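When we follow the numbering used here, the leftmost residue of the sequence shown carries the number 3, and every step to the right adds one.
Rather than coming from a laboratory, the hints here were simulated on the basis of the structure.
Some clues are possibly wrong.
Lysine-lysine pairs mimicking BS3-like chemistry, simulated, CA-CA at most 25 Å apart [said to hold, decoys possible]:
hint: 1; residue 1: K137; residue 2: K198
hint: 2; residue 1: K143; residue 2: K198
hint: 3; residue 1: K110; residue 2: K198
hint: 4; residue 1: K223; residue 2: K198
hint: 5; residue 1: K213; residue 2: K223
hint: 6; residue 1: K143; residue 2: K213
The following label-pair restraints were derived from C-beta to C-beta distances [unchecked claim]:
hint: 7; residue 1: A29; residue 2: D243; range: 42 to 48 Å
hint: 8; residue 1: M66; residue 2: T36; range: 19 to 25 Å
hint: 9; residue 1: P97; residue 2: W51; range: 33 to 39 Å
hint: 10; residue 1: P21; residue 2: Q165; range: 23 to 29 Å
hint: 11; residue 1: V168; residue 2: L24; range: 36 to 42 Å
hint: 12; residue 1: E228; residue 2: A29; range: 25 to 31 Å
hint: 13; residue 1: A13; residue 2: A147; range: 39 to 45 Å
hint: 14; residue 1: A199; residue 2: L24; range: 37 to 43 Å
Since the structure is predicted, the reported quantities are computational estimates derived from the model, not experimental observations.
Glycine residues also receive a C-beta, built at the ideal position from the N, C-alpha and C atoms.
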Amino acid sequence: MALLRSILHMAWIFVTVVPWGLALVVASIWVRGTPLWWFAVNWMRVVIWGARVILGIQVRVTGMENLPVGETSPAILLSKHQSTLETLLLPTLMPHPLAFVFKKELLKIPFFGWSMARLDMIHIDRAARARSFLKVVAQGKLLAARGIWIIMFPEGTRIPRGQQGVYQPAGARLAIETGAPVIPIAVTSAKCWPRKAFIKYPGVVDVSIGKPIPSAGRESKDLTREAQEWIEAEMRRLDPDAYRQ
């Protein structure tokens, strides 16, 4: 049954992304910025609806009150990354447009990547880290001034359930450069949508949003460590079975 549901949901993604992606690319000739972002988010909502109805994945969110208030209030979101689910889910939960920091190779994905190229995102070349970070800071400052929140996965890649990657300080450095607080986020997506797995399983995915961590006067390593400690402790609280080994 899980295999059949997974096939149906993948078909649902393909059936919806093609017309939506084409419509977004065409619309971007005349419309850019925030309206185009919410147009893209509506497709993500369709995918998440499919995950709920077809796959049986429910989402439980706590900590929404911890998000900054105000149209131009800046924020750097640092999230646990276990699967593709949170990249589709988090934009549907946030009251602000988000700008993902991602590797430029994703732009080559038909329809999905083409759409991302038309949105206010920050795509980087991982082979040129120093130059890439300067680009992240420059674009991050411009986007933050427009009320767009920057979201990063500090472990850099999807991490298997129950494991911890190496937290990189780039997100904390960007927060310090822009003066924005860090918002740590724990997500137990791998309980239902495992890393790099085709088959998904019904269940409950928890999204926990932590209190803002001020960046003013902080060192990037200390700020990264504080965000890491909160995220990893929260992951163990939300998904204790995964960390009993």
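Quiz item: When you take the CB atoms of A199 and L24, is the distance between them in 37 to 43 Å?
Solution: violated (28 Å)
Quiz item: Is 25 to 31 Å right for how far apart the beta carbons of E228 and A29 are?
Solution: This hint is violated: roughly 41 Å between Cβ atoms.
Quiz item: At the C-beta level, are M66 and T36 separated by a distance inside 19 to 25 Å?
Solution: holds (20 Å)
Quiz prompt | Whether the CB-CB distance between A29 and D243 falls inside 42 to 48 Å | solution = Hint holds: Cβ distance 44 Å, inside 42 to 48 Å.
Quiz item: Lying within 36 to 42 Å: is that true of the beta-carbon distance V168 to L24?
Solution: With Cβ atoms ~39 Å apart, the hint holds.
Quiz prompt | Given pair status - K198, K137, alpha carbons within 25 Å | solution = Distance of about 29 Å is beyond 25 Å: violated.
Exercise. Could you see if the CB distance from P97 to W51 stays within 33 to 39 Å?
Key: Hint violated: Cβ distance 19 Å, outside 33 to 39 Å.
Practice problem: Given the range 23 to 29 Å, decide if the beta-carbon distance of P21 to Q165 lies inside it. | Solution: At 38 Å between Cβs, range violated.
Quiz prompt | Hint consistency between K223 and K198 [alpha-carbon to alpha-carbon, up to 25 Å] | solution = Roughly 30 Å between the alpha carbons, so the hint for K223 and K198 is violated.
Quiz item: Is the hinted pair K143 and K198 satisfied, with a Cα-Cα distance of at most 25 Å?
Solution: It is violated: about 33 Å lies between the C-alpha atoms, which goes past 25 Å.
Quiz item: Does K223 lie within 25 Å of K213 when you go C-alpha to C-alpha?
Solution: Roughly 19 Å between the alpha carbons, so the hint for K213 and K223 holds.
Practice problem: State, for the Cβ atoms of A13 and A147, whether the hinted interval 39 to 45 Å holds or is violated. | Solution: holds (41 Å)
The structure does not agree with the numbered hints 1, 2, 4, 9, 10, 12 and 14 stated previously, though it agrees with the rest.
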